[in-house]
Amino acid sequence: MENRNGCKLVDLPESTRRKDRFSFTLLVVIIVLIPVLVESKYYLIVLNIIGLNTIVVVGLNLLIGFAGQISLGHAAFFGLGSYFSGILTANYGFPHWPAMVVAMLATGAIAYLIGYPALKLRGHYLVMATLGFGIIINILMGELEQFTGGHDGLIGIPPLSVGGLTFDNDLKNFYLIWAFVFFCMLVARNLLDSRVGRALRAIHGSEVAANSLGVNTSSYKVKVFVLSAMFASVSGSLYAHYITFISPSTYDFYYSIQVVTMVIVGGMGSLWGSLFGAAILSFISEALHVAKQYHIIAYGVFLSLILIFLPEGVLVGIQHFYQSKKLQRLIAVKTPFLLWFNRF
Amino acid sequence: MDFSQQIAQYIITGLSIGAIYAIVAMGFNIIHNATGIVNFAQCEFISLGGMSMYTLVVLLKIPILISFFISMATVSLIGALMERGPIRYARSKEIIILIFLTIGLSGTLRGTAQQIWGTDNVGVPAFSGEDPIHLPVGATILPQHMWVFGITFLVMLVLRHFFRNTMLGKAMRATAVNRQAAALVGVSVDHMVLLSFALSGALGAVAGMIIAPISTTSYDTGIMLGLKGFAAAILGGYGNFAGAILGGVILGVLESLGAGLLSSQYKDATAFLVLLFVLFLKPTGIMGYGESERV
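Residue numbers (my numbering), protein chains in the order written: chain A, 42 to 385; chain B, 122 to 416.
Hint data in this document are derived by calculation from the structure and do not stem from the laboratory.
For each residue, glycine too, the CB sits at the ideal point set by N, CA and C.
Among these hints, one or two may not hold up.
[Stated by the list, open to error] Computed spacing ranges between beta-carbons, pair by pair:
1. B:LEU202 x A:SER64: 38 to 46 Å
2. A:GLY197 x B:VAL279: 36 to 44 Å
3. B:LYS388 x A:GLY134: 33 to 41 Å
4. A:GLY197 x B:LEU202: 18 to 26 Å
5. B:SER385 x A:PHE224: 40 to 48 Å
6. B:SER385 x A:ALA147: 26 to 34 Å
7. B:ARG294 x A:SER64: 50 to 58 Å
[Stated by the list, open to error] Straight-line alpha carbon distances no greater than 25 Å define the calculated SDA-like cross-link-like pairs of lysine to any residue that follow:
8. B:LYS388 x A:LEU154
9. B:LYS214 x A:SER311
10. B:LYS403 x A:SER247
11. B:LYS214 x A:ILE359
12. A:LYS264 x B:GLY239
13. A:LYS264 x B:ILE133
14. B:LYS403 x A:LEU351
15. B:LYS214 x A:GLY164
16. A:LYS333 x B:GLY239
17. A:LYS161 x B:ILE133
18. B:LYS388 x B:ILE133
19. B:LYS214 x A:GLU353
20. A:LYS213 x A:LYS60
21. B:LYS214 x A:LEU351
22. B:LYS214 x A:HIS361
23. A:LYS161 x B:ILE218
24. A:LYS161 x A:LEU78
25. B:LYS214 x A:SER365
26. B:LYS291 x B:GLY409
27. B:LYS388 x A:ILE151
28. B:LYS388 x A:SER365
29. B:LYS403 x A:ALA150
30. B:LYS214 x A:VAL342
31. B:LYS214 x A:LEU312
32. A:LYS264 x B:THR405
33. B:LYS214 x A:ARG163
34. A:LYS264 x B:PHE401
[Claimed, not checked] Coverage of chain B stretches by chain A, computed from C-beta distances (three or more under 8 Å per stretch; other residues unrestricted):
35. 192-199
36. 303-313
37. 350-360
38. 385-397
Turn these sequences into a full structure, and let the hints steer you where they fit.
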């Protein structure tokens with residue numbers, strides 16, 4: 042593929058594209074089949090939570106894994122999506138789909154306002170700014186009682202519906218949420234395989250180098266920040282309509298940390314890793330809710346172990362391990378043969 | 122109580138909480154200077170300081186002065202063990218991985234504290250007396266506030282002496298400026314990193330112990346204090362010690378004024394709003410020169 046100036050653009054190799062096409066098809070098959078295999082309502086709920094987290098994590102991975110910028114405030118965008126949708130539909134009787142779009146756009150606008158100055162900050166300063174922003178939004182959720190219902194939460198959010206179909210149980214919501222997951226992953230996948238994706242990867246590699254090659258780094262960083270906020274907002278809206286009740290504690294500092302953890306555990310800069318990271322950590326988190334008093338310690342130990350031993354992400358880490366094992370086996374088989382062969 | 126007295130009262134309260142933030146911020150700075158990471162387990166050092174003080178003084182009835190030093194040593198040891206174990210053996214030395222590792226370790230410590238002490242808030246007796254002292258400006262403070270000011274001041278003096286006049290302190294500063302150069306002239310960088318964790322463990326514990334009699338303590342009391350300490354460090358310019366003190370005091374006083382004059386529910390929001398505002402005007406913090414990229 043060549044652009045106007047005749048320069049060759051680096052595209053993903055055909056093998057990767059084929060692999061991606063296969064993976065997406067597999068994802069659809071799995072999504073369709075899961076409800077047939079999983080009968081327990083509890084597991085459906087867990088799967089729905091995984092889906093919602095995946096949407097946030099995919100967006101966040103664009104920011105962290107590809108543009109190399111860390112945000113510890115994404116709970117705020119997730120929450121803004123929920124609260125805009127919730128307030129518009131429950132308090133003002135807005136139709137829900139337009140409310141969701143309004144929520145997404147409003148969250149995007151807020152992300153732009155905060156991201157424009159914040160992404161000029163570097164390293165730990167950016168971490169602190171996003172962290173502070175997240176905490177401020179979380180406090181506002183609790184204190185603006187006349188709109189948000191305060192710490193008791195906002196009740197009576199109607200479920201989503203299309204035509205005559207109302208998404209009012211876990212199974213229907215499963216299909217709805219995972220359709221969104223599929224769509225979001227597709228958007229992210231195509232974005233990465235474009236001019237924008239290459240620019241983002243260049244920024245991650247070296248901001249100075251990218252800048253000198255004509256990539257408007259600050260503009261790209263803000264754009265991808267806004268995009269990841271919109272992903273989070275959509276997920277938040279879906280969450281609000283699915284659970285029909287929201288309260289500030291869902292959107293605290295820990296959620297921000299959790300989603301970044303999912304990005305890291307899945308592997309920074311790995312799209313399928315996002316799905317994997319969201320799945321494994323959401324599942325563990327839900328499973329640990331049974332043993333409530335051990336939740337913090339178990340989660341802490343688990344996170345520490347992964348980061349110590351599989352810092353490149355579980356999926357990539359296992360891949361590496363497998364490859365090295367395969368390599369060893371190959372060597373183990375071939376070496377005696379080679380030794381024998383060399384005698385002649 | 123007229124308006125000026127009220128203001129004086131808010132400022133005094135703000136200064137004392139600001140002193141705590143400053144100590145915590147210095148803990149963050151020390152580790153940052155040695156390693157380049159943000160150590161979120163600093164929050165747990167604060168809680169552990171407070172809770173071990175409670176255990177020693179209230180449960181075991183050990184005199185306050187002795188308890189103070191035992192707690193400090195214990196938490197300092199925990200900090201050192203953290204570095205000797207997980208941080209050192211982490212396979213990746215990437216900054217973001219190490220930061221999240223400290224979050225993981227922080228969860229581990231907090232979870233352990235929860236298993237040991239439960240989730241209740243507990244009180245610790247004041248270091249000396251509970252009778253309020255009336256100041257000439259019209260404000261009233263508790264003796265414990267005086268202890269907070271005194272101990273903070275002492276900590277600053279000791280640290281200043283340590284970093285300026287002792288060989289070890291100079292070696293730590295050398296490591297902060299340039300690791301390789303420090304290693305070349307014979308500074309054991311490994312030991313400096315270990316020492317930085319031990320030192321910030323001790324600082325976190327001190328902060329937790331002196332605030333405990335004023336605001337009670339629990340297994341997770343350090344989270345908000347720690348995050349505000351981080352905010353103070355960033356506000357002053359990350360890694361800068363004078364900045365940490367300035368950042369702590371500014372945050373503390375503004376937060377206290379905001380809570381008193383505007384609304385107490387927005388107390389935490391005020392602190393972070395001020396921080397964002399300053400960062401957007403001066404992206405490197407008040408006294409910072411910006412972050413040099415570590416290779």
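### Task
State the violated hints by number, sorted upward, taking the hints as numbered earlier in the document.
2, 4, 12, 13, 14, 17, 20, 24, 28, 35, 36
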